[in-house]
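**Q** Protein sequence lines correspond, in order, to chains D and U. Residues 1 to 396, numbered by UniProt numbering, are exactly what the first sequence covers, in order. Residues 1 to 396, numbered by UniProt numbering, are exactly what the second sequence covers, in order.
It is possible that some hints are incorrect.
Chain copies aren't distinguished; within one or between two, either way the pair holds.
[Claimed, not checked] Derived DSSO-like pairs: lysine-lysine, alpha-carbon spacing no greater than 30 Å straight-line:
(1) Lys311 x Lys233
(2) Lys47 x Lys258
(3) Lys343 x Lys143
(4) Lys266 x Lys41
(5) Lys321 x Lys41
(6) Lys343 x Lys117
(7) Lys343 x Lys233
(8) Lys266 x Lys54
(9) Lys41 x Lys12
(10) Lys37 x Lys266
(11) Lys388 x Lys321
(12) Lys143 x Lys47
(13) Lys12 x Lys258
Hints listed in this document are in silico derivations from the structure and should not be mistaken for laboratory results.
There are 2 protein chains.
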Amino acid sequence: MKKESINIPFNKPFLTGRELDFIEDAVTDGKISGNGKYTKKCHDFFKKKYGFNKCLLTTSCTDALEMAAILTGIEPGDEVIMPSYTFVSTANAFVLRGADIRFVDSREDHPGMDEEKVEGLVNENTKGIVVVHYAGIACDMDKIMRIADEHDLYVVEDAAQAVNSFYTHADGRQRPLGGIGHLGTFSFHETKNVISGEGGMLVVNDDHFTERSEIVWEKGTNRSAFFRGEVDKYGWVDIGSSFLPSELNAAFLYAQLKNLKKIQAKRLAIWNRYHQELEQVCGRLNIRQPEIPDYATNNGHMYYLVCRDGKQRDALISYLKERDILSVFHYLSLHRSTFYEDKHDGRELPQSDNYSDCLVRLPFYYELTEEEQEYIIRTIHEFEEHFKAHHSHSQG
Amino acid sequence: MKKESINIPFNKPFLTGRELDFIEDAVTDGKISGNGKYTKKCHDFFKKKYGFNKCLLTTSCTDALEMAAILTGIEPGDEVIMPSYTFVSTANAFVLRGADIRFVDSREDHPGMDEEKVEGLVNENTKGIVVVHYAGIACDMDKIMRIADEHDLYVVEDAAQAVNSFYTHADGRQRPLGGIGHLGTFSFHETKNVISGEGGMLVVNDDHFTERSEIVWEKGTNRSAFFRGEVDKYGWVDIGSSFLPSELNAAFLYAQLKNLKKIQAKRLAIWNRYHQELEQVCGRLNIRQPEIPDYATNNGHMYYLVCRDGKQRDALISYLKERDILSVFHYLSLHRSTFYEDKHDGRELPQSDNYSDCLVRLPFYYELTEEEQEYIIRTIHEFEEHFKAHHSHSQG
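If we strip away everything but chain D, and leave its shape as in the complex, we get:
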């Protein structure tokens, strides 16, 4: 029998159908720079579907975070609290404005920030808290918002992975992630549920930022007010950048948004299949599967496993790779990074380090076929025998 020609990447971008039509329409319609017809369609989609107050597409989630850092008025010497187990941009956006970062450890049961460890870091210099909804699974926002209220801090939700995911408050109200803190940021990078290659969005939940958010977005000018006829010419009124994406990206994204329901159904099916069919083998290998807290929903963004140690994780990644399946680890603790190690206050963050060493993400994309997923699951079962034969003795 011929060797299986299956070759499974970790991620694969996809077309839902109308992406190229919409791009062509934008050109024909005479506008492919930012803030055109498709940008507005995307904004309207999010406002209508999730009840967001103000949405602004950006060129990346990084840029949305930079807008948040500017809007919250971060200055040198201000402190911002955030998890260490996150993407560099969560921190870099605030460091660019001069902030010192106080990194928080992850939860034992989840890579998200340990909410219980936040309040002890608050001091007179603290300006805000950035929560990261890892894998699209909500942090416990009631706890975070209470701390923020009590100490008068801004909350920015890094909801890069959390489109179409929700949090249920203690009082039973369910709200979309990105819509709870003062500001929320999303990503439409090609690894996300809905994509535009690179891309992101700022959601402004606190009205007091609304007017300035448009100015910062439009390079520090009052151009948006000008086009609404509120001022008779526009000029330089504030700091800002070119945060808005091309209509090419907005048109592509809009085609995806129109298929959000279908995309989400597919992704949840993939997630559930991994979860069910790997339960037994993970139990036997001491590998932890994701846990979804009662207050959180699952948006099928990512399927990860937490291996019992780094050696097992690396062995699994290698085993899959040799069989043409690309699984990948994720963040390296930022408090240990070359850039921040000597700026960090020295606290140990063992859970963050543990996820850096032990977490692995399985291939996950819209066009992953049942056959491909079956092959991945079967290969992980085969890994069990391989691992037990070669590595178990080292566990003593």
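Start from chain D and add chain U according to the hints.
**A** Same frame as chain D, now just chain U:
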């Protein structure tokens, strides 16, 4: 006879043929986030055609300028010299890093910065000079580079409008704009000669910035070195942002670059026709046409007129608009902006103000037809009669 149905925008984006094919190919090929196949093709195009050392596509020229501000190490208290008659981003990029801006007046014969007025502003805090090649026409780079050498300053060329434009040094060598200063920045905004909706590029001419430029571009990580196999994992090593554009934008741009020769020929034909056919009427109306210095080439980026005063300029714009032709003014002096007025050192910059008041840009895009251009030229001739009848008495 029916009213002519002609309706001429100021600008119109265009497809040269393969833009959508290339985008589709990027998706099929499995990568639409940044730094993929088409990004490399664009980099290679520019390196080969213009001999640029290092190119990095960005999401906008604004972002390329922000990279320049980071790379040149701008800190609070540093001063940067640049023209007042420029886009806000030229200044904002440096202000975001804490710079104070010393604005320079424009030349009497050209909206570009008056090179003679630069050296007097240099002091111990001066870190760099940003030249803006207005309308794609070179500043006198020999003069600028001499000042920079003498005072140990960085030179950043804001070549947003200057793709495929050249400067001839006193010794006869001709070099592409953006390739002369330590760093150069380009724009591919939809109003430019080659476009990707929003988009830009940083060109690194001084080797000493090359390694760090890749890091800053990739969100402050050494990801580029990782993919070249130079380090075994990548992490956070510096400040930076998500400066790289999606492959959607790079694919679109690459299709345009393949047609650069055709685009340039068409644009120069449009420019030359405006120049020749408006010469007489401009002379009679005391309107100035663009002048191209001996050391500069013309890249057919823009056709502008400088009216004798603001009243005449506004009358011309209105007259054209009533006849469905959209002509537009350009920058407002940044030293007079709401944001910078009280930070400016108080010097009068009369030429900059004059261009703010009197300059008008005529419709200019790749698909402008001969018939449309004829209609614009004819309408400006008709304006002459109208203006003489209604406004000339006010000149006394």
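**Q** Evaluate each hint against the coordinates.
**A** How the hints compare with the structure:
1. In this homomeric assembly, Lys311 and Lys233 come within 30 Å of each other (Cα to Cα) only across copies, at 16 Å, whereas the closest approach inside a single copy is 62 Å.
2. With identical chains, the CA atoms of Lys47 and Lys258 are at most 30 Å apart within one copy only, with a shortest distance of 14 Å there and 40 Å across copies.
3. Only within a single protomer do Lys343 and Lys143 lie at most 30 Å apart by alpha-carbon distance; the minimum there is 27 Å, versus 43 Å between protomers.
4. With identical chains, the CA atoms of Lys266 and Lys41 are at most 30 Å apart within one copy only, with a shortest distance of 24 Å there and 34 Å across copies.
5. Within a single copy, Lys321 and Lys41 get their C-alpha atoms only as close as 41 Å, which misses the 30 Å cut-off; across copies the closest is 29 Å, which meets it.
6. With identical chains, the CA atoms of Lys343 and Lys117 are at most 30 Å apart within one copy only, with a shortest distance of 19 Å there and 43 Å across copies.
7. Taking CA atoms no more than 30 Å apart as the test, Lys343 paired with Lys233 passes between copies only; the shortest distance there is 21 Å, against 45 Å inside one copy.
8. For the homomeric pair Lys266 and Lys54, the shortest alpha-carbon distance inside one copy (29 Å) is at most 30 Å, but the shortest distance between copies (42 Å) is not.
9. In this homomeric assembly, Lys41 and Lys12 come within 30 Å of each other (Cα to Cα) both inside a single copy, at 25 Å, and across copies, at 21 Å.
10. Within a single copy, Lys37 and Lys266 get their C-alpha atoms as close as 29 Å, and across copies as close as 29 Å, so both meet the 30 Å cut-off.
11. Taking the closest pair of Cα atoms, Lys388 and Lys321 come within 30 Å of each other only inside a single copy of the chain (18 Å); across copies the shortest separation is 79 Å, beyond that limit.
12. Taking CA atoms no more than 30 Å apart as the test, Lys143 paired with Lys47 passes inside one copy only; the shortest distance there is 26 Å, against 53 Å between copies.
13. For the homomeric pair Lys12 and Lys258, the shortest alpha-carbon distances inside one copy (19 Å) and between copies (27 Å) are both at most 30 Å.
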